[in-house]
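Asker: Please dock the two separately framed chains into a single complex, following the hints provided.
Protein sequences, first through last, are from chains A and B. Sequential numbering of the first sequence, starting at 43, is according to the numbering used here. Sequential numbering of the second sequence, starting at 63, is according to the numbering used here.
If you're looking for bench data, these hints aren't it; they were derived computationally from the structure. Being a predicted model, the structure only gives us computed values, none of them experimental. Don't be surprised by glycine CBs; every beta carbon is placed ideally from N, CA and C. Do not rely on the hints blindly, as some may be mistaken.
As the list claims (entries may be wrong) - Label-pair restraints from in silico Cβ distances:
id : chain 1 : residue 1 : chain 2 : residue 2 : range
1  : A       : K240      : B       : H107      : 21 to 29 Å
2  : A       : S141      : B       : K88       : 23 to 31 Å
3  : A       : F247      : B       : N187      : 50 to 58 Å
4  : A       : D244      : B       : M222      : 36 to 44 Å
5  : B       : T231      : A       : S182      : 36 to 44 Å
6  : A       : F247      : B       : T215      : 30 to 38 Å
7  : A       : G137      : B       : T169      : 27 to 35 Å
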Amino acid sequence: MSRIATRTVVVTFACLIAVPVLTFAQESSHSSVIAASTAAGVSSSSSLDEASLDLPDAPLPEQQSGTGQTQKPKSTPQQTAPPNSNNGLTLQGLGFKPSQTQANAKMQARLDKRTHMLQIHQKLGLITLVPMAATVLVSSGAKQKHNRTTGAVTAPNSSGIDLHVALGSLTAVMYGATAYYAIAAPRIAGEKLTGAVKFHRDLAFIHAPGMVLMPILGGMALSQENKGEKVHGIASAHAAVAAITVSAYAASALVVSWPIHWKFWEHR
Amino acid sequence: MRVVVALLLATAWLPAQAQKQWVLAKSSLTWHITHPVHTAQGTSHDARGKGVCKNDTCDFLIAVQLNTFKSGDASRDLHMLETVRGAQDPMVVVRTEMPQPELSQATIHANLTIQFAGQTVQYKNVPFERTAQGRDVEIRGTIPATCTDFKITPPEFLMMPIKNEIPVTVDLTWQPAE
Numbered sequence: 043m044s045r046i047a048t049r050t051v052v053v054t055f056a057c058l059i060a061v062p063v064l065t066f067a068q069e070s071s072h073s074s075v076i077a078a079s080t081a082a083g084v085s086s087s088s089s090l091d092e093a094s095l096d097l098p099d100a101p102l103p104e105q106q107s108g109t110g111q112t113q114k115p116k117s118t119p120q121q122t123a124p125p126n127s128n129n130g131l132t133l134q135g136l137g138f139k140p141s142q143t144q145a146n147a148k149m150q151a152r153l154d155k156r157t158h159m160l161q162i163h164q165k166l167g168l169i170t171l172v173p174m175a176a177t178v179l180v181s182s183g184a185k186q187k188h189n190r191t192t193g194a195v196t197a198p199n200s201s202g203i204d205l206h207v208a209l210g211s212l213t214a215v216m217y218g219a220t221a222y223y224a225i226a227a228p229r230i231a232g233e234k235l236t237g238a239v240k241f242h243r244d245l246a247f248i249h250a251p252g253m254v255l256m257p258i259l260g261g262m263a264l265s266q267e268n269k270g271e272k273v274h275g276i277a278s279a280h281a282a283v284a285a286i287t288v289s290a291y292a293a294s295a296l297v298v299s300w301p302i303h304w305k306f307w308e309h310r
Numbered sequence: 063m064r065v066v067v068a069l070l071l072a073t074a075w076l077p078a079q080a081q082k083q084w085v086l087a088k089s090s091l092t093w094h095i096t097h098p099v100h101t102a103q104g105t106s107h108d109a110r111g112k113g114v115c116k117n118d119t120c121d122f123l124i125a126v127q128l129n130t131f132k133s134g135d136a137s138r139d140l141h142m143l144e145t146v147r148g149a150q151d152p153m154v155v156v157r158t159e160m161p162q163p164e165l166s167q168a169t170i171h172a173n174l175t176i177q178f179a180g181q182t183v184q185y186k187n188v189p190f191e192r193t194a195q196g197r198d199v200e201i202r203g204t205i206p207a208t209c210t211d212f213k214i215t216p217p218e219f220l221m222m223p224i225k226n227e228i229p230v231t232v233d234l235t236w237q238p239a240e
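Extracted from the complex, chain B is given alone in its bound form (with noise of 0.2 Å):
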């Protein structure tokens, strides 16, 4: 009898123990940048990601190439990698931890750890909007980086260096994992 109130008790508590997991099903990450006479955005569409709940706290993992982002000019991809020294240093990984209540938000704040153009920077309470459908969470942000953090020299045209804030809008769907 003690076995088998043994063993109830057991398979009551792994599922609370058990690990929730989730996957980047669909994402948008576009970089912008202001020049006096001009503005560009350059575009990714192939993040990875994978988050992992246990515990009741919550941790992701998004990277992305940079050689990915296109802004539709060869020339200014080939520019902005060099710029950011992204042969160097060829991924942006952005790591967040927070506690699983957060993610049921309509708004959440994450601390966001981006390492980037051979830098790691912090970013605190970023307001991501989340929208649930289905299966699916879509997480909305923008990212309020700038030149400065990332002591990226800003990149210059017409003899003009383009603004320092060089803001990333995130559009990211996710799933959770089967």
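For reference, chain A alone in the conformation it holds in the complex (with noise of 0.2 Å):
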């Protein structure tokens, strides 16, 4: 039985270190997409200030409300040609650079791929919740059971402890492609995190080396209980563990879609 607590921590290890590469498949083609769009979007980009763009039509716009303080008609969006530069009024003239007025295509396409695994990141993350939330409920069934007033030691079923093996390698298989897909999202120069999304990274300090803990103290405590031994030692903090990692995580969730308006079914 030992064996098949080493295997479980092996194999969850394997696909943790699979997942980078099976990513990397999907995520290189995608960049690929991105490469060729922006070489069709140089060709059409122009300077701001060129006053003959040949812009297509756009869906007629729909009537938009003014402030409400008017007699005059409301306000309403045209898609129009930019005009000529009135008066000799010009970007230049209010003392912005060339190079701060350019079209930047290479930034953009790093914009584009860093917004696309970004998403990516987020959809996996919050699949994993779902893996995570089971393995947790299922956790009970792989528990050795003790009777207080005899002392005696029941072992878990096999079927109990495989399903929160099965569900626990699951969500490490997810929590990795996750963390992947945050990892290797391009940095934009000059970005420091400020804000939710520094507290939601600062999270993923407790939450994963928590993830790594957990297969590993997991199947020491399996490997003690097969001895008919008490868990003891660090594997029993295996739960304990578990309960931070999960916390820490849901919070990291939660964390960028803070303040939530609770009453989101209410038009604002």
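Answerer: This is how it looks when you write it as structure tokens:
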């Protein structure tokens, strides 16, 4: 039985190692799409002060509501070509350098790739919550039962252990994939994490070690259970580490959504 | 004598034809987004602007770099830049032309031409409140922008898109140029 526990730990780690390799294939194919679309975009880009942009017609815009204090017709948006510089007013005249006003296709491609990868990170992160919660829910079936009056120890049934291990492994694999998309997303020069996203990142220093520790401690606990021993030593921290890890993970998902409008069905 | 009269007439005519210029002294531009479970704002105080009044018509140009808008969350700011193609079109440029008497009204109705996210859209009769204090003239109002107007795909959070309306509140303090 101790072999089963060792195998579980080995399989979990193998999956964690395999995740970045598997996900890299998806990411690189996407980047080629971005590169192609960017190349197409460059040829059609133009400087902001060019007056003769040949813009396509916009779909008919809706009637916009003004601020409601006028007898004149309400403000309405219309798609139009940029006007000629009026009265000699130009961006250069305002003190903007050409480098500030010029298009940067490379940076746009980098931003696109960053957003794409972080959106996958977000989706995978939310989906990971499901097997994570399920692992916690079935954990009682993988525990020894102690009779306090008789002192007898009842070993957990193998199906309860298998289910817990399978869900835990799935959680670990999905967690690895989620982490990969956050880590591999391109950094933008001068990017400094501030606000909720900084807290979101900091919480990873709690749940990431937890995700590494959990299968190790779980394997140790299972090994001790299989020997008919009461779970002891560092292995007994498995449940506590799981509680901290799951809490930190849930908090990291919540913090980027804060402040939440609880009555989100009400229109503001 | 005729020369003197001609000179007098010329000097009287010159101030009438002289340009009056305005400079943007202080600015606060804020975008607002509404998501089913969340709202967010991003503000820039780095807009630059000039106005020139000539022949009873005033032209104004206001521009701001998109990367100067800060929402308090660096990741959101970068996501905003990506969504509005802010590296491809790094500026928001607003132009307006109005009759000079309109500038002295308590409520100014402006026809705005806005270049943003690679699109140029015109908003007609956008009301702005005007208050004068000494040399300063403060203009406040809201531009009723929408994602659709600028062909912006509404960004999603928790797999739910933001509302189409992305109003921009404007607070500009103008001063006559020296």
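Asker: Now tell me if each hint is right for this structure.
Answerer: Here is what the structure says about each hint:
1. A/K240 - B/H107: 21 to 29 Å: This hint holds: roughly 22 Å between Cβ atoms.
2. A/S141 - B/K88: 23 to 31 Å: Holds - the Cβ-Cβ distance for A/S141 and B/K88, about 25 Å, lies within 23 to 31 Å.
3. A/F247 - B/N187: 50 to 58 Å: Between A/F247 and B/N187, where Cβ atoms are some 54 Å apart, the hint holds.
4. A/D244 - B/M222: 36 to 44 Å: 26 Å, violated
5. B/T231 - A/S182: 36 to 44 Å: Given range 36 to 44 Å: violated, Cβ gap about 53 Å.
6. A/F247 - B/T215: 30 to 38 Å: At roughly 34 Å between Cβ atoms, B/T215 and A/F247 fall inside 30 to 38 Å, so the hint holds.
7. A/G137 - B/T169: 27 to 35 Å: The hint (27 to 35 Å, Cβ to Cβ) holds, given that A/G137 and B/T169 are roughly 30 Å apart.
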